[in-house]
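A.B. asks: For the protein sequence lines, the chains are A and B, in the order given.
If you read the first sequence in my numbering, its first letter stands for residue 1, the second for the next number, and so on.
If you read the second sequence in my numbering, its first letter stands for residue 1, the second for the next number, and so on.
The set of hints was computed from the structure by calculation and includes no laboratory data.
This one's a predicted model, so the numbers in the text were calculated from it and none came from an experiment.
Incorrect hints may have been included.
No more than 20 Å apart at the CA atoms, straight line, and that leaves these computed lysine to aspartate or glutamate pairs for DMTMM-like [stated by the list, open to error]:
1. K183(A) x E57(B)
2. K183(B) x E189(A)
3. K183(A) x D187(B)
4. K42(A) x D121(A)
5. K183(B) x D187(A)
Partial list, derived from the structure: chain A residues whose beta carbon lies under 7 Å from chain B [said to hold, decoys possible]:
6. R30
7. V38
8. F39
9. G191
10. A198
Using C-beta positions, here's what the derived DEER-type ranges look like [as the list claims (entries may be wrong)]:
11. A67(B) x D130(A): 56 to 62 Å
12. E55(B) x F39(A): 38 to 44 Å
13. H35(B) x P113(A): 48 to 54 Å
14. E55(A) x A60(B): 28 to 34 Å
15. D187(B) x Q202(A): 24 to 30 Å
16. Q202(B) x A64(A): 19 to 25 Å
17. H111(B) x R114(A): 38 to 44 Å
18. E145(B) x A63(A): 56 to 62 Å
19. A63(B) x L23(A): 50 to 56 Å
20. K68(A) x G164(B): 42 to 48 Å
21. A64(B) x A141(A): 49 to 55 Å
Quick reminder that beta carbons are idealized off the backbone N, C-alpha and C, glycines included.
Number of protein chains: 2
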Amino acid sequence: MGEVILDITMSLDGYVAGPNQTLEAPLGERGMELHEWVFPLKSWRSQHGMDGGEESEDDAMVAASLAKVGAQVMGRRMFSGGSGSWENDPNAGGWWGDEPPFHVPVFVVTHHPREAVEFDDGTRFVFVTDGVDAAVEQARAAAGERDVRVAGGADVATQAFRAGLLDRIDLHIAPLLLGGGAKLFADVEPGSLELVAARSSQRATHVTYR
Amino acid sequence: MGEVILDITMSLDGYVAGPNQTLEAPLGERGMELHEWVFPLKSWRSQHGMDGGEESEDDAMVAASLAKVGAQVMGRRMFSGGSGSWENDPNAGGWWGDEPPFHVPVFVVTHHPREAVEFDDGTRFVFVTDGVDAAVEQARAAAGERDVRVAGGADVATQAFRAGLLDRIDLHIAPLLLGGGAKLFADVEPGSLELVAARSSQRATHVTYR
């Protein structure tokens, strides 16, 4: 069996999205800056259909991680944007448009039942209305020997953590203070994690916990 | 001139003390666990008058850092405990007792004027009633060529950050979720920091920012 891994980028003050999330800016104010470490990487560019890019230690890490992902789990807001409702355009793939970059089944945790949507690249959005644990279970079945990546946002990630569904956390800490927004690990029970490893590039600190 | 360095240990969810700080538990519930990474180290034990201890990479880091510290700045609560008032015992060195481990002048930011208190080991508590910037200025003068270490707690650290008084942040991230308590970097303006380096032992992740 693969592992269930939360792979997420957090600001130094604990946010995975900035304040005032909207459909146009689902990561909130300055939230896109969280992910600046990943955009130049060859593996990320390749996943998004672009040539070239940086072949660094960060790139090797991202490439190795992506290669093992067999399914993803994400929240409704990460799927369709901050205030957005894909109900307005039932054929669209949410905020991700017509060419979503996932290449694997993506289980979207939502209150709105909807038919699955499939794309040529292998992305298939499946809408799960009975909670994060059900989404992770379906993702596990779809992933088989590969990993399930819990991608966010804050609510789904924190719910998965609270429910004990995660085998591992790959946390990327951006050297950024957002001052507010969507807090990761809000209102969790106190407890300790096993620290496996940490490393940084100039752009982010990468920490693995079990 | 030395540098002004915030040297502080934070939980993964952003707290430098747990909930319900009291005189007996100034670090709040489970807050002492933040510092478990430092207690076994030879350099920490030596600073506290104890023999032996671990000579690891963490130890070398702490030893190098302590060797450069010429003065410290701390908040009143870190000095005297969560709900405590040293006014009850004007001869005592606050929560730190009769043998405080600092060996350098310590500038305590407080609203209560008080005569300085001096100890044989070189610790001298000086009480500064006109704010963090005044405390840092006095500490700079006392430290000379050596560094000023801003030690905490959350309020003083965050105030020093907001006021732009810090040259560097040596942040230690403990693999711990406290679920509440004293938040570091609360209500700061959004902004980015320069990430210098990161490394981890099994006990904590150490990240340096400018």
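A.B. asks: Would you mind marking each hint as holding or not holding in the structure?
C.D. replies: Results of checking the hints against the structure:
1. Simply put, K183(A) and E57(B) have alpha-carbon atoms about 32 Å apart, too far for the 20 Å limit, and the pair is violated.
2. The straight-line distance between the Cα atoms of K183(B) and E189(A) is roughly 16 Å, inside the 20 Å bound, and the hint therefore holds.
3. Restraint check: the Cα-Cα separation between K183(A) and D187(B) comes to about 13 Å, which is no more than 20 Å; the hinted pair holds.
4. Distance restraint check for K42(A) and D121(A): the Cα-Cα separation of roughly 18 Å lies within the 20 Å cut-off, and the hinted pair is therefore satisfied.
5. The suggested pairing of K183(B) with D187(A) holds, with an alpha-carbon distance near 13 Å, which does not exceed 20 Å.
6. Restraint check, R30(A) versus chain B: the minimum CB separation of about 5 Å is within 7 Å; hint holds.
7. Contact between V38(A) and chain B, as hinted, is not supported at the beta carbon level, the nearest pair being about 15 Å apart and thus beyond 7 Å.
8. For F39(A), the shortest C-beta to C-beta distance to chain B is roughly 15 Å, which exceeds 7 Å, and the interface hint is violated.
9. Hint status for G191(A): holds, given a least beta-carbon distance of 6 Å to chain B, under 7 Å.
10. At about 3 Å, the closest approach between the beta carbon of A198(A) and any beta carbon in chain B falls short of 7 Å, and the interface hint on this residue holds.
11. Distance hint check for A67(B) and D130(A): the Cβ-Cβ separation is about 58 Å, which falls inside the suggested range of 56 to 62 Å.
12. Taking 38 to 44 Å as the suggested C-beta distance range, the pair E55(B) and F39(A) conforms, at roughly 41 Å.
13. For H35(B) paired with P113(A), a C-beta distance near 49 Å keeps the hint of 48 to 54 Å intact.
14. E55(A) and A60(B) have their C-beta atoms about 32 Å apart, which keeps the hinted 28 to 34 Å range intact.
15. The hint said 24 to 30 Å for the Cβ distance between D187(B) and Q202(A), and at roughly 28 Å that hint holds.
16. Range check, Q202(B) to A64(A): about 22 Å between beta-carbon atoms, so the 19 to 25 Å window is met.
17. The hint said 38 to 44 Å for the Cβ distance between H111(B) and R114(A), and at roughly 58 Å that hint is violated.
18. At about 46 Å, the beta-carbon gap between E145(B) and A63(A) misses the expected band of 56 to 62 Å.
19. The hinted range of 50 to 56 Å is satisfied by A63(B) and L23(A), whose Cβ atoms lie roughly 53 Å apart.
20. Separated by about 43 Å at the C-beta atoms, K68(A) and G164(B) satisfy the suggested range of 42 to 48 Å.
21. Taking the beta carbon of each, A64(B) and A141(A) are about 51 Å apart, inside 49 to 55 Å as hinted.
The structure does not agree with the numbered hints 1, 7, 8, 17 and 18 stated previously, though it agrees with the rest.
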